[in-house]
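Quick mapping for you: the protein sequence lines, in order, are chains Z, S and G. The first sequence lines up with residues 1 to 229 when you count with this note's numbering. The second sequence lines up with residues 1 to 543 when you count with this note's numbering. The third sequence lines up with residues 1 to 117 when you count with this note's numbering.
Simulated from the structure, these hints should not be mistaken for laboratory data. Just to be clear, a hint being listed does not mean it is correct.
[Unchecked claim] The following residues of chain S were derived to be distant from chain G, with all beta-carbon distances above 12 Å:
| id | residue |
| --- | --- |
| 1 | E11 |
| 2 | K21 |
| 3 | M34 |
| 4 | P514 |
[Stated by the list, open to error] Straight-line alpha carbon distances no greater than 20 Å define the calculated DMTMM-like cross-link-like pairs of lysine to aspartate or glutamate that follow:
| id | chain 1 | residue 1 | chain 2 | residue 2 |
| --- | --- | --- | --- | --- |
| 5 | Z | K225 | Z | E140 |
| 6 | Z | K225 | Z | D143 |
| 7 | S | K342 | S | E532 |
| 8 | S | K278 | S | D530 |
| 9 | Z | K225 | G | E50 |
| 10 | S | K278 | S | E527 |
| 11 | Z | K66 | Z | E122 |
| 12 | G | K82 | Z | E21 |
| 13 | Z | K66 | G | E50 |
Just so you know, even glycine gets a beta-carbon here, dropped at the ideal spot from N, CA and C.
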Amino acid sequence: MATSDIQVAEHALQHHFADMEQQQETSTFGMWMFLLTEIMFFGGLFCAYLVYRASYYQAFVEGSQKMNIWLGATNTAVLICSSLSMALGVRAAQMGKPKLMAILLLITMVFGFGFLGIKGIEYHEHWVHHEFPGPNFHFETGDPAHPATDPQHTQIYFSLYWAMTGLHAFHMIIGIGLVLWIMIAGLMGAFTPSYFTPVENVGLYWHFVDLVWIYLFPLLYLISKKHGG
Amino acid sequence: MATAVQSVERENYLNSNYGIKSWLLTSDHKRIAMLYLISITAMFWIGGFFAMLIRLELLTPAGDLVSSDTYNKLFTMHGIIMVFFFLIPSVPAVIGNFVIPLMIGAKDLAFPRINLLSWYIYMAGAITAIVAMVTGGVDTGWTFYTPFSTTYSNTHVIGAAIGIFIAGFSSIFTGLNFIVTIHRMRAPGMTWRRLPLFCWSNYAAALIMVLGTPVVAITLLLVALERAFNIGVFNPQLGGDPLLFQHLFWFYSHPAVYIMILPGMGVISEIIACFSRKRVFGYEFVALASIAIAVLGFLVWAHHMFVAGISVYAALVFSLLSYLVAIPSAVKVFNWTATLYKGSIRYETPMLYAFGFIGLFTVGGLTGVFLASLGIDVHVTDTYFVVAHFHYVMVGGMVMAYMAGLHFWWPKISGRMYPEAWAKLSALLVFVGFNTTFFPQFILGYMGSPRRYHAYPPEFQVLNVLSTAGASILAVGYVLPMIYFLWSLRYGELAPPNPWNAVGLEWMTPSPPPTHNFDETPIVTWEAYDYEHQPQEEVSVGH
Amino acid sequence: MHNLQDRFHPGSAQEHFDPMSHVVPIRMYVTIWAALMIFTGLTVFAATVELHVFNIVLALLIATIKGTLVALFFMHLRYSTKLTMVTVIAAIFFLFILFGLSMTDYLTRAWLTNTIH
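So that you can see chain Z by itself, here it is in the shape it has in the complex (with noise of 0.2 Å):
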C-alpha cells in the first residue's frame, strides 16, 4: 500500500469507527438495509398489481397488448450493459485506477441517458393515445374485431404502469446523479484500493435499480403472447 494510500484511508476514517474493516462493512451492509428498504418501497405498488392482475387479468393483457416490446426489450439490453460497466467501474476502483474507473462510469451514464431517452419515447406515444390514466383517458384495442371488453380496469393497468415505470425512471435519475457524483470524486483521488466504500455502495443501487426492471418488463410487456406488436 502506497505511502498517499495510507494517507487517503486515514483521512477516510471516521471517529467513531476502530478500523478501515468495521467502517467498511458497515456502509456496505447499512446499504444493503436501504435496499431492503427499496423492496419493500418498490413492493407496495408490485403486490397492488399483484392483487388487480388476478382480478381483471383480460383487462391487463389487453393493456400489455399496447406496449412496444421491442422498446422494451432494448430497454432491458440497455440496462443490462450499464449494468456491466457499473461492475467494471467498481473493479476498476477497487484495483486503484481512477481514470478507468471514471471512463467506466460516464459509459454507465450514457446507458442511463439512453434507457430515459428510450422511455421518453414510450411515454410520448401512450400520451398521444391517451393512454394516461385520468380525465382524457382513452383505450382501444386497436382491432375491430375485438373492441375493448373492459377499459375501466385497462385504466388500472396503465396507472400501474406509469407509477411503476415512473418510479423506477425517478431511481434512475438519482442514480445517474450519484454515479456522476463518484466519478467526479473519483477523479479528484477521492477513492482507493483500501477505501471505495462509495463507489461499491452506488454500484448496488444502479444494479438494484436494474434488478427493479428485470421483473417490470415481463410483468408490465410480457403478460401474454403478443399479437402484431
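Knowing the structure of chain Z, use the given hints to seat chains S and G on it.
The following block gives chains S and G in isolation, referenced to the frame of chain Z:
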C-alpha cells in the same frame, strides 16, 4: 443541595461547545436526541391540545362547542400528530438515540450524519403536516381511508399525506441506523446474549420500521397521486378496490403499533431489573419475544378490516394469527412479574411508571384479544371500546414507558436529578387521570356508543363527563414533569454517574456523558442485569 | 472474543483486512452479461409463443434467474457476509407475506357467494 460543587466542570456533550450552529449541525447522537426531545414534546402538546378540545366537546351530549366538520378535523389531527409525529419517534428517536450507543459501548451510531438527516426529515414532515392543518385541516381520520380521502374529502389530504410520507423516511433512516449500529458497533465482549433488553426491543422495532414504513409511504403517495390526477388505483368508480388501500395501509400501520410499544417494553425491562435488583427473569425469552412480536405483527393486519368487506375465510386466518401475538406479549408480562418476585423493590418514580405500564398494558393487551375474535369485533368495531383499547396500549403502555424512561435516564441526559416528590405525584396523577379518562370508554363502547361523533345520546353523559374530568387530571400529570424537568436543568441536584446503582455501560460514564461517550472503549465480561454479583460500590470506567 | 478485540486494535486488524480479496476477473462479469443478454432474448422469444398461463410463469422464471445472477455476481452477494444474505432473504420473505396474506383475501372473496348460488 449543591454540596458536590465542582471547581472545574468536566467536559461533556452539553458544554463542549455552544451556539445554535453547534446544535443544528451536530452529528452527536446525544445532541440529536435532544433535538428530537424538543420537537417531539412540541408535537405532544399540539396533539394534546386537540385531545382536550375533543374532550371539551364531549362534555355535553349536544354538539355545541364545535361543528361536526371541525370535530372530524380535530380527531384526525389528534391522531395524525400523536401517531406519526409523537408515538412512533418518541422512545426510539429520543431515548434510543441517546442510550443505545452508550449501552453497547459505542462512540456513536453507525451513521451519525444520516441520524442528523433523519431529524431534519422529521422536521420537514412535521412542518408540512402542520401547514396542511393550519391552512384548513384534514378530516379523513388518521387512516386516510379511500375513497373518502381520494375523492370526497374537501380538506388538505395531500398536504397531510405528503407530511407523513416525508416523516416516514425519517423513521426508515432511524431504524436502519439502529439495526446497523446494533450489528456492527458493539464493544468487545458485548455479545447478543449480553445485550440489554432495551437494545433488543429497539432492534425489533427497527426491523418493523425498515420493512413496513416503505409500504405505507408508497401507499400514501398513491393516495396523493390519485387525488391530484384523478387516476384510478383505489377509486371504486374507476374500478379500483378501496380495500386494497386498507391492506397496504395496515400492512404497515398494524406493525407500527409494535414500533410504538416495543421500545417502551425495553424501557420497562431495564427499570424493573434495576429497581428489583434482579436479573430479568428469562432474559432470552424476553429478548426473543421482541423479535417474535415484530415478525408476528406482520401477519395480523386485516383484523382492522373484519367488517370492511374482506373475505370471511381471510378473516378467519387473520383472526387466528392475531391471537398468536398474545403469546410473546404475555411472555413479557409474566417475566416482568417473575422478576419482581422476591426482588428488593425500590419505589422510585421510574418504577412507579413501570408498574403503571404493566397494569395498563395488560388491560390494553387483553382487550386486544377480544378485538381479534371475529364475533366480538363485529359488535364493538368503531365504538369507544376500540378507542379505549388502543389508548390503554398507546397512552397507558407507551406514554407511561416513555415517561418512565425519561425519568430513569434524565440524570444521565441532563446531569441533574429531578425533584423526587413532585415526580411521584405526577406518576400518580397520570395513572389516576388515565384510568378515569379511558376506563369509562370501555363501558361506553360496550353499550354501543360509536366513535368519531361530536354528539351522543344524553344517557351517555355521566361516563363522558367522567372521561373529560380524567383527561384534565391527566393533563396536569403531563404538565408537571415538563415544569420540573426544566426546573431541574438549573436547580436540580447534580447527578452522580450512577444515581440508581444500576448496571449497564451507560451508567459507567459520567453524567452527562462526554462527547465521545467513553474515555476508553469498555470491554464487557459480564451478562446483562448482573445485579446479583454487583459490588456494593460502583466502579467507574472513566477517570 | 479474539476478533472483537482485534477490531479495536487497528494495527493487528490491518493485516488480515484485504479489500482486494474480492476482485472478480473481468471474464466473469462478461460471462454474466452475456447470460443476461441471452435470457433477455429468450424471454422476448417466449412472448411470441402462445403458452396461455405459462407465458407469465416462464417470463417470471427467466426474470428470477436474471435477477439472481445480477444479485450474486454484479452485486457481489456471492462474496458477501451471511448477514447481507439474511438481509436479502428477509426482504423477500416479508414481501411474500405482503403478497400472500393480501391474496388470502382476494382469492377467497368469491367462495362464499359461489356456494350460496
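Comparing the hints with the structure gives:
no.: 1; hint: E11; result: holds, 23 Å
no.: 2; hint: K21; result: holds, 32 Å
no.: 3; hint: M34; result: holds, 28 Å
no.: 4; hint: P514; result: holds, 18 Å
no.: 5; hint: K225(Z) / E140(Z); result: holds, 18 Å
no.: 6; hint: K225(Z) / D143(Z); result: holds, 16 Å
no.: 7; hint: K342(S) / E532(S); result: holds, 12 Å
no.: 8; hint: K278(S) / D530(S); result: holds, 7 Å
no.: 9; hint: K225(Z) / E50(G); result: holds, 5 Å
no.: 10; hint: K278(S) / E527(S); result: holds, 12 Å
no.: 11; hint: K66(Z) / E122(Z); result: holds, 10 Å
no.: 12; hint: K82(G) / E21(Z); result: holds, 16 Å
no.: 13; hint: K66(Z) / E50(G); result: holds, 17 Å
In summary, the structure agrees with every hint in the numbered list given earlier.
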